[in-house]
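Given the coordinates of chain X, assemble chain Z onto it according to the supplied hints.
Taken in sequence, the protein lines are chains X and Z. Mind the numbering: the first sequence is residues 532 to 622 in our numbering, read in order. Mind the numbering: the second sequence is residues 5 to 421 in our numbering, read in order.
Please keep in mind that the hints were generated in silico from the structure rather than gathered at the bench. Not one of these hints is a red herring.
Heads up, simulated BS3-like pairs for lysine-lysine below, C-alpha to C-alpha not over 25 angstroms straight-line:
| hint | chain 1 | residue 1 | chain 2 | residue 2 |
| --- | --- | --- | --- | --- |
| 1 | Z | 256 | Z | 217 |
| 2 | Z | 70 | X | 578 |
| 3 | Z | 237 | Z | 357 |
| 4 | Z | 237 | Z | 59 |
| 5 | X | 581 | Z | 214 |
| 6 | Z | 256 | X | 560 |
| 7 | Z | 63 | Z | 230 |
| 8 | Z | 357 | Z | 63 |
| 9 | X | 581 | Z | 230 |
| 10 | Z | 361 | Z | 217 |
| 11 | Z | 214 | Z | 36 |
| 12 | X | 581 | Z | 217 |
| 13 | Z | 395 | Z | 103 |
| 14 | Z | 214 | X | 608 |
| 15 | Z | 357 | Z | 256 |
| 16 | Z | 236 | Z | 63 |
| 17 | Z | 361 | Z | 256 |
| 18 | Z | 59 | Z | 361 |
| 19 | Z | 159 | Z | 137 |
| 20 | Z | 273 | Z | 159 |
| 21 | Z | 35 | Z | 361 |
| 22 | Z | 237 | X | 578 |
| 23 | X | 578 | Z | 214 |
| 24 | Z | 357 | X | 581 |
| 25 | Z | 59 | Z | 103 |
| 26 | Z | 214 | Z | 35 |
| 27 | Z | 59 | Z | 234 |
| 28 | X | 578 | Z | 256 |
| 29 | Z | 395 | Z | 361 |
| 30 | X | 578 | Z | 361 |
| 31 | X | 578 | Z | 217 |
| 32 | Z | 236 | Z | 395 |
| 33 | Z | 236 | Z | 36 |
| 34 | X | 581 | Z | 256 |
| 35 | X | 578 | Z | 357 |
| 36 | X | 581 | Z | 70 |
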Amino acid sequence: MFVINCPYCGERDQSEFSCGGEAHIVRPKQPTELSDDEWAEYLFMRKNIKGVQFERWNHAHGCRKWFNMVRDTSNDKIHAVYKMGEKPPVI
Amino acid sequence: MKNKYSIFSLIKNAFSQHENWKQAWGNPEPKKEYEAVIVGGGGHGLATAYYLAKKHNMKNIAVLEKGWIGGGNTGRNTTIIRSNYLWDASAGLYDHALKIWENLSQELNYNIMFSQRGVINLAHNLQDVRDLKRRTHANRLNGIDAVWLDTKQVKEFCPIINTSPDIRYPVLGGTLQRRAGTARHDAVAWGYARGADAMGVDIIQNCEVKGIKRNGDQVEGLETTKGFIKTKKIGVVAAGHSSVIANMAGLKLPLESKPLQALVSEPVKPIIDTVVMSNAVHAYVSQSDKGELVIGAGTDAYISYTQRGSHDVVEGTLKAILELYPIFSRMKMLRQWGGIVDICPDASPIISKTNIKGLYFNCGWGTGGFKATPGSGDLFAHTIANDEPHKLNAAFNLNRFVSGDLVDEHGAAAVAH
Numbered sequence: 532m533f534v535i536n537c538p539y540c541g542e543r544d545q546s547e548f549s550c551g552g553e554a555h556i557v558r559p560k561q562p563t564e565l566s567d568d569e570w571a572e573y574l575f576m577r578k579n580i581k582g583v584q585f586e587r588w589n590h591a592h593g594c595r596k597w598f599n600m601v602r603d604t605s606n607d608k609i610h611a612v613y614k615m616g617e618k619p620p621v622i
Numbered sequence: 005m006k007n008k009y010s011i012f013s014l015i016k017n018a019f020s021q022h023e024n025w026k027q028a029w030g031n032p033e034p035k036k037e038y039e040a041v042i043v044g045g046g047g048h049g050l051a052t053a054y055y056l057a058k059k060h061n062m063k064n065i066a067v068l069e070k071g072w073i074g075g076g077n078t079g080r081n082t083t084i085i086r087s088n089y090l091w092d093a094s095a096g097l098y099d100h101a102l103k104i105w106e107n108l109s110q111e112l113n114y115n116i117m118f119s120q121r122g123v124i125n126l127a128h129n130l131q132d133v134r135d136l137k138r139r140t141h142a143n144r145l146n147g148i149d150a151v152w153l154d155t156k157q158v159k160e161f162c163p164i165i166n167t168s169p170d171i172r173y174p175v176l177g178g179t180l181q182r183r184a185g186t187a188r189h190d191a192v193a194w195g196y197a198r199g200a201d202a203m204g205v206d207i208i209q210n211c212e213v214k215g216i217k218r219n220g221d222q223v224e225g226l227e228t229t230k231g232f233i234k235t236k237k238i239g240v241v242a243a244g245h246s247s248v249i250a251n252m253a254g255l256k257l258p259l260e261s262k263p264l265q266a267l268v269s270e271p272v273k274p275i276i277d278t279v280v281m282s283n284a285v286h287a288y289v290s291q292s293d294k295g296e297l298v299i300g301a302g303t304d305a306y307i308s309y310t311q312r313g314s315h316d317v318v319e320g321t322l323k324a325i326l327e328l329y330p331i332f333s334r335m336k337m338l339r340q341w342g343g344i345v346d347i348c349p350d351a352s353p354i355i356s357k358t359n360i361k362g363l364y365f366n367c368g369w370g371t372g373g374f375k376a377t378p379g380s381g382d383l384f385a386h387t388i389a390n391d392e393p394h395k396l397n398a399a400f401n402l403n404r405f406v407s408g409d410l411v412d413e414h415g416a417a418a419v420a421h
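With the rest of the complex left out, here is chain X (with noise of 0.2 angstroms):
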């Protein structure tokens, strides 16, 4: 258990949040020409990093907003919060 500091609430306790997974992967721009090979990457392979990951979060009882978080999975230490849309910092 962990404090995360939503972008737009401050801090709150991790429960309120749940967390959407890897972030940074990005939709494919022609679906329809996607062989199988490219929809499994994209839909199930994952790095599931032990370490710095970079992950996207949702403050679900909260604000309801979407937000993107730098964490480290080994000790699950936060080292940055940044918005939607904003470039991921240099780690």
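Relative to chain X, chain Z alone:
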């Protein structure tokens, strides 16, 4: 086996105050080269090595374990064994394991304390009732024992359950698999380790894999904390850390690793002689032979490798436990822990070749791998030895995420995810 355990060996050793028992497995340094190397010395990894040696006559093999054997999820689970899965492929896989469990103590000459005390899955709403009834029918068509119990029968089978109709999630019935039950999880790892060691398998503890060496699309060996080990076949059974190993080989897997928690109470006299699981309220409980209540909680809903887990998850589980079993309201919890589970999008495992030659993965068991330990080891050994899956694990290949032929057990398998 060199030092067979029996009533006679027990009596003989009693005369020397049990101080002369031989070490059950060795502590070798790694050789330069092996025919096959298994990464991960948990139940699944040790079972894989055991069956490679026993059924496929591969003797020059090693199991690498970064900590101590059975110290990962094998030692952290709630020891429940059952095979009442919905889909045919899963039913085949898990019942294969259950059939091996039934004779495993004899086969390993090691008491794994397998206890077929039955597993009940409770239904708390109309949809649960429909789903669980459907599953009992599917189970029976697959030759797996399953019966539907109404509320009164649930109460008879496990009298401490609160079946009052006015609780928040009333018990509307449940399924019972009588052949299901529990086993002593550490003993499973130890029994397989002893059996594998007796056939010449090197079990190397405190040896962490740091890299996988490839020559084109063929594996050549492993970089480890005990030096380079040459091998043409690598079987990875690293549970929550499967993706970490896969990344070393430049491979991505459809997995997310999350903490799954469990907890045990102070020991008390026998009060619950079966295993009761509830999908809807997410609580399952059994009692260990020491008398502790063994309670399984849920996963945290985010990727983490911390082996801790959040307090609110445990709180949610205990709320459900207290509503179903008011008798436990003054029990004190002794210990709580977390293990890292690797979860597939379809909640089914992967026992598969990869597109790298000589690299095999057995992963994605998520929240319920313990029950499959012997079957998983057997089928993974077959896959490694023949470079082909057995028909029972053919559906559990990596390619299903490309073809779309998923084995979707999410919610279908009475699994409380």
